[in-house]
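Each residue of the sequence shown is one higher than the last, beginning at 77 in the working numbering.
Possibly wrong hints are sitting among the right ones.
Said to hold, decoys possible - List time: in silico DSSO-like cross-link candidates among lysine-lysine, alpha-carbon distance up to 27 angstroms: (1) Lys84 to Lys128; (2) Lys89 to Lys128; (3) Lys123 to Lys84; (4) Lys84 to Lys114; (5) Lys114 to Lys126; (6) Lys89 to Lys123; (7) Lys126 to Lys111; (8) Lys114 to Lys89; (9) Lys114 to Lys128; (10) Lys111 to Lys84; (11) Lys111 to Lys89.
Source of the hints: derived by calculation from the structure; they are not laboratory data.
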Amino acid sequence: MLENNGWKLERVKGSHHQFSHPDFSIVITVPHPRKDLKIGTLNQILKAAKLKH
77 MLENNGWKLE
87 RVKGSHHQFS
97 HPDFSIVITV
107 PHPRKDLKIG
117 TLNQILKAAK
127 LKH
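From just these sequences and the hints, can you work out the full model?
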């Protein structure tokens with residue numbers, strides 16, 4: 077979902093993927109999807125990525 081909205085995978089550290097976007101000065105860290113994300117974690121990622129208000 078992040079990559080479809082302009083986010084680029086920058087690096088992988090252990091089981092976490094880190095994404096950056098050219099228009100934002102933040103890095104989004106996403107745990108590797110071994111299992112489903114908890115809804116709260118998903119909402120935090122979407123909010124930080126400016127994909128949810």
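To see whether the hints hold, each was checked on the structure:
1. Proximity of Lys84 to Lys128 is assessed by CA-CA distance (about 18 angstroms); at most 27 angstroms being required, the pair is judged to hold.
2. For a cut-off of 27 angstroms, the pair hint linking Lys89 to Lys128 stands: about 26 angstroms separates their Cα positions.
3. At roughly 17 angstroms between alpha-carbon atoms, Lys123 and Lys84 fall within 27 angstroms of each other, so this suggested pair holds.
4. Between Lys84 and Lys114 the CA atoms are separated by roughly 23 angstroms; this keeps the pair inside 27 angstroms, and the hint holds.
5. Between the alpha carbons of Lys114 and Lys126 the distance comes to roughly 19 angstroms, so the proposed pair stays at or under 27 angstroms and holds.
6. Straight-line distance between C-alpha atoms of Lys89 and Lys123 comes to about 22 angstroms, which keeps the hinted pair within the 27 angstroms bound.
7. Proximity of Lys126 to Lys111 is assessed by CA-CA distance (about 24 angstroms); at most 27 angstroms being required, the pair is judged to hold.
8. Proposed proximity of Lys114 and Lys89 is supported: the alpha carbons are some 20 angstroms apart, at most 27 angstroms.
9. Simply put, Lys114 and Lys128 have alpha-carbon atoms about 16 angstroms apart, close enough for the 27 angstroms limit, and the pair holds.
10. Proposed proximity of Lys111 and Lys84 is supported: the alpha carbons are some 22 angstroms apart, at most 27 angstroms.
11. A distance of roughly 18 angstroms separates the Cα atoms of Lys111 and Lys89; the hinted pair therefore holds under the 27 angstroms criterion.
Of the hints listed earlier, there is not a single one the structure fails to meet.
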